[in-house]
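Enquirer: Since each chain sits alone in its own frame, please combine them into the complex, following the hints.
So the protein sequences, as listed, match chains L and U.
Okay, so the first sequence: first residue is 42 according to the numbering used here, each after it adds one.
Okay, so the second sequence: first residue is 3 according to the numbering used here, each after it adds one.
These are computed hints drawn from the structure, not numbers from a lab.
A few of these clues could be false.
[To be verified] Below, in silico cross-link-like pairs of lysine-lysine (DSSO-like), each with a Cα-Cα straight-line distance of 30 Å or less:
hint, chain 1, residue 1, chain 2, residue 2
1, L, K94, U, K197
2, L, K274, U, K197
3, L, K254, L, K153
4, L, K94, U, K419
5, U, K419, U, K346
[Claimed, not checked] The calculated label-pair distances, taken between Cβ atoms and stated as ranges, are:
hint, chain 1, residue 1, chain 2, residue 2, range
6, U, F328, L, F46, 27 to 35 Å
7, L, S260, U, A244, 55 to 63 Å
8, L, Y49, U, L37, 13 to 21 Å
9, L, H108, U, V250, 26 to 34 Å
10, L, F52, U, F307, 26 to 34 Å
11, U, E420, L, P287, 34 to 42 Å
12, L, P287, U, F240, 47 to 55 Å
13, L, R289, U, F240, 45 to 53 Å
14, U, G207, L, Y49, 54 to 62 Å
15, U, S167, L, R289, 26 to 34 Å
For each residue, glycine too, the CB sits at the ideal point set by N, CA and C.
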Amino acid sequence: MDSVFIDYAEFFLRILLSAGIIFTILLCIAYLFGRNSGKMILAQFFSPDMDMKYEINSWEVSIGRAHTNDIFIDNATVSRFHAVVARRGKGWVIYDTNSKAGTFVNGQQIEKKAYIFDGDIINLGSAVLTFRSPMFKRENAVKRQKAELTDGDIHQINATIGAVTKAQKQAKKTIPALVNLSDNSMILLFSEEYIIGRAANCDIVLPVFTVSKYHAKISNEGNSWILADVKSKSGTYVNNVEISEPYRLQDGDTIEVGGIYYRFVREYISE
Amino acid sequence: MPTDAEIRKGKIREKTGKWLFLMIVASLFELIMFLNCIITSDEQDRMGIGLLCGLYLIVQWIYFFVFSIIGKRRMELEIIGFLLSAVSITITASISPSKLLMQVATTVVGIIVFAVMIWFLESINRIVVMRLPVAAVALALLALTLVLAEYTNGAKNWLYFGGISVQPSELVKVAFVFVGAATLEKLQNTKSIWKYIIFALACVGMLFLMTDFGTALIFFATFLIIAFLRSGDIKTLFLICAAGLLGVVFILLYKPYVAARFSTYRHIWENINEGGMQQTRTIIYSLSGGFFGVGIGNGKLRHIFAAAEDLVFGVVCEEFGILLAFAIVLTYAFLLIYAIRQAKFARSSFYAIAGVAAAGLLVFQACLNVFGVNDLIPMTGVTLPFVSRGGSSMLCSWGLLAFIKAMDLRTYPNVMKELYHQKQNLIRSAENE
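Just chain U, with the same shape it has in the complex (with noise of 0.2 Å):
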């Protein structure tokens, strides 16, 4: 961070080194992972899966060495996502080599999609600007899903294109946080918080149609945030969360068929080889791994349905140890605890609630899936951050780092410099009255 002084000179650029240094510790390690996974693989998967973490890691470099060129030298977060999201090109890699292409491809996608994102979120005009085509995308997307997809593990929610799944209720999640946040460009105006509230019943309605109950939670969380930012008021935030509760009961009256689907949530150990398999293998396989896991490719949660999908923090427990598996908990934890103290700093009022609710939806999520995997909460089928295994997943949590990112000013270093300048001019004409 530069000091003021340095401002004053023009100096406003981070130094290089201290990055430097954090990319090659986190690519070494990155390394030792990637090395460890093709020596316990397959021999014919090992130059496919070689090749592919290579092109991985060439692609962080890349970003690494244009950012700092273009003066955006602070890398945090993304090595925060770098690391988080070479976990899940290795447990890809192990226990599905054959959708390892895909997902080092999203990957990098969502790394190019978080670099356009950061682009984008500098101008409040282009923000603004973008408000009603992203939300009208948005509700197209669901109402798409809505009519075409076909139900897959109990919930409509896949499209199909080729042979290619996309799961657009994971892309509208970053629309969602977009669309609420920008709403607030005129504040406390009527009009324009009807307009989002419309929008947010209509999501979280769609939702529920295509019986995608974990997904509605999530956007429901994330109302809630939206809605205290914007309000400041704890009453409002109850009579929300009473109208949801209401809404809740109504369905599971009507619609018994929806508690069905929860029926095994606290009766795991009396279902231990049908509705319960995924939980009560969860429980007993993660600690298994002790603090520092099994290794990889040892595991044997491995070996059950969508183990690198939902299951996939059991995964880390057993085969990387419950210490890291509980540091990649904590930093969800501490991106919300930041994204709240920077919301003070932030320049508008979009940065600071678009960081936060991106951050509470993060945690959220995380919580949905930690907890529902060891039956703490009815499992949602909800993926792990970055973490677990899928496309539109990964997208959607690069996509949701950006606002993150974004909401530092320090990201952005022409736009603090103008502000210093603001804040100089201000104290001299002070000083000449």
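Same shape as in the complex, but just chain L (with noise of 0.2 Å):
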């Protein structure tokens, strides 16, 4: 009698874990297959032409002609792999992937890669988007990065700027000079060395996130400019290439620096 008992009660302990540990994962699983996250919207192109509106649902985004891509545009003028977005850092990156007709922002051809805002204009080939992320406003990129900066930093970025412009107004003679890209605004090289970052005692203060506190020098050898990173995060660029040791410049050269370009000119003429 209790030979039969065991056995049955070993029978029911048997079925009992089986349906148990069974329930359990169909339980997870049915949790699992809840209602989910659903699409997130980060962003968004707006075509006018082609009265047109992509969301933007992920960090990387791709554009082109070719069907494959998250953004399929269906113009000649655009390549098939035309150019990627994608979420990085504390902003919005635009790349150009190889495209044979290039990617502008605001009319800026961009070299490589760029940061887009809310409300900046793409041109990809003929084709023009808007672009829209309200969270992300150049001027607030800017002003995020002036507000870390305490009164004397400003004051001493003031005195930089007035040191330059006053140096420019003296100089009569040739000298060499880096033109920004963006608004052709000048900065003459007057001095020996210049280190180039977002930290107020730099020398050439550029108050951009996508710049790093001491990003790169520019420093005077014998007849000779040279350019060197200085551990930057996003790398310093000459004609596209990163330099990953000190670079002699040479007349006409492109630098990037956090996205913002520079033309290094040998002979500026100054008034």
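Expert: Shown next as structure tokens:
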């Protein structure tokens, strides 16, 4: 009698164990397939010409003429894989993926990549897109950096700008210069060494978050000007090539520091 | 899952009640399983088994409380992992009690690795920075194995440190998925695609030289999944498969000893007590368990070589019943379906590709194991994820599960809140216009 009871108990236990584990696993799977997070709209592209709206649901979105792209644009002037828009750090970046017609942000052709902000106009071939991401405004990015600076820092920035302006006025001879490609402003290179960065005590202050605190150094050695990266996060580029060691600048070289482009002019004739 | 209104008010955390119930139910059945195992084991082993199983239960609850406190309360994947690992611990305790300490230790380390990976995978910047170092370490590990390892059971894939044996190719599986998905940082960038192809070829090549064909096949299948997810082009897949097939034909032509390793395939009944012993016994005994099994410790397959490792599916069928065995196999399939479904909601391509590739790898490996022991395909000696005994395999399984967990936005309440605000800003901005 006892033996039969034990056999039944054992059998019941085996059923309970199998059924219990299966039940728990199925419950987990049911929860797993429950209501998901839903699609997030991170940013948008508007195309006034084509009267279309593209939603960006992922941190990387490819744009091009090929159907496999996340944003497919049926336009012959757009390359098959034209560009990629990606969320990086504290903002959005557009990468040109070796397109034929190039990628332009607010009329400026980008060399490799560029930060984009709310309201920016992107040209891909003849297609025109307006980028919309209200959380990332260009002026906010600059303001955020300025807010981090103290009154002393701002005083020092003004003093630096003043010194450069004063030097520009005094200059009457041929000297090297850096020309900002976005607004054609000029930095004349009078001293022997300049530190470029976001920190207030840099010689050339770029209060933009894409620029590291101490980003790059440009110095005069004899007759040459040498550009070196100072362990910046985003790297320093010359003619679209990242420099890993000090680089001897040539007349007309394009320098990129955190998305800001300069042209090195060996002999600028000052007024 | 919180509603939109709750997210707006900042209440994005899950309530603990549901998960507490699930944890209690899972722990209860694990406890029954462990007690059953203790009763049927030898008297001198009972104390040790009891202590180690108790330790495993405590670790699960520590994990649950820590993650509940920091707000990450969704626990479905973890509980599935806990249950499958508990089955593995029970089988190890029952078949080879002397190896239980190592099995429990590696399972606990696996859970810790899982938790660390969940934290690590939250930031895409961290992922991009670690891509190259991980690839370099993975290649170095395989190269080291190729140089230092000696042939064990026909393959050169084990390294021994003191009394501990490690199978580096298992750990490299996690790195393989990570590097493959992370090279997508810049989409459609030919240079990065080539870098990954070279990395994949180096891994598969070294595994072939180690004659670890099962793992090489798993890497190749994972590569196909990643290639498809990257390109979305089925023609590319056919090209890669054709190249792979051609490579295999060349190997079989010029290295006939490779084909000799699979000579018993479809001939197991002719070699019933030699080459076909494992498969024939698995086929016979797995069905003898019926729907609910013969009970833990009462099976016969446990006496065959590698019962707790390669033949574990048969042991589960025989001792736990065919229903549970099928439920385990279906779990892998559900993980893959879930990963594919979740991919379109992933915040970045990295998470989508890593999650689907990891789930695909688990399913493919499970298929190789289950079909292999039943002689449907050649037996390659790969393990059944989470269930087979083996530390390296257990670490790999938990590592892969972390990719599936990380692809779900609900794992990271803070990221979800930020994304929700972005969406609201866009809607508000459109309304203003």
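Enquirer: Hints first: check each against the structure and report whether it holds.
Expert: Against the structure, the hints come out as follows:
Note on K94/L and K197/U: the hinted pairing is violated, with a Cα-Cα distance of about 35 Å set against a maximum of 30 Å. A threshold of 30 Å between alpha carbons decides the hint, and for K274/L with K197/U the separation of about 23 Å falls inside it, so the pair holds. Between K254/L and K153/L the alpha-carbon distance is near 22 Å, which keeps this suggested pair within the 30 Å criterion. Taking the CA atoms of K94/L and K419/U, the gap is about 24 Å. The hint holds against a cut of 30 Å.
A C-alpha spacing of about 19 Å is found between K419/U and K346/U, which places the hinted pair at or below 30 Å, so the restraint holds. Checking the proposed 27 to 35 Å range against F328/U and F46/L shows it holds: the Cβ atoms sit about 30 Å from each other. For S260/L and A244/U, the hinted distance range of 55 to 63 Å is satisfied, since their beta carbons lie about 56 Å from each other. Separated by about 18 Å at the C-beta atoms, Y49/L and L37/U satisfy the suggested range of 13 to 21 Å.
A beta carbon spacing of about 33 Å between H108/L and V250/U agrees with the range 26 to 34 Å that was offered as a hint. For the pair F52/L and F307/U, the supplied restraint of 26 to 34 Å holds, since their beta-carbon distance comes to about 30 Å. Separated by about 40 Å at the C-beta atoms, E420/U and P287/L satisfy the suggested range of 34 to 42 Å. Evaluation of the 47 to 55 Å hint for P287/L and F240/U yields a pass: the beta carbon distance comes to about 49 Å.
The hinted window of 45 to 53 Å between R289/L and F240/U holds, with their beta carbons roughly 50 Å apart. At roughly 58 Å, the beta carbons of G207/U and Y49/L sit within the given window of 54 to 62 Å. Taking the beta carbon of each, S167/U and R289/L are about 55 Å apart, not inside 26 to 34 Å as hinted.
In this structure, the hints that do not hold are numbers 1 and 15, in rising order.
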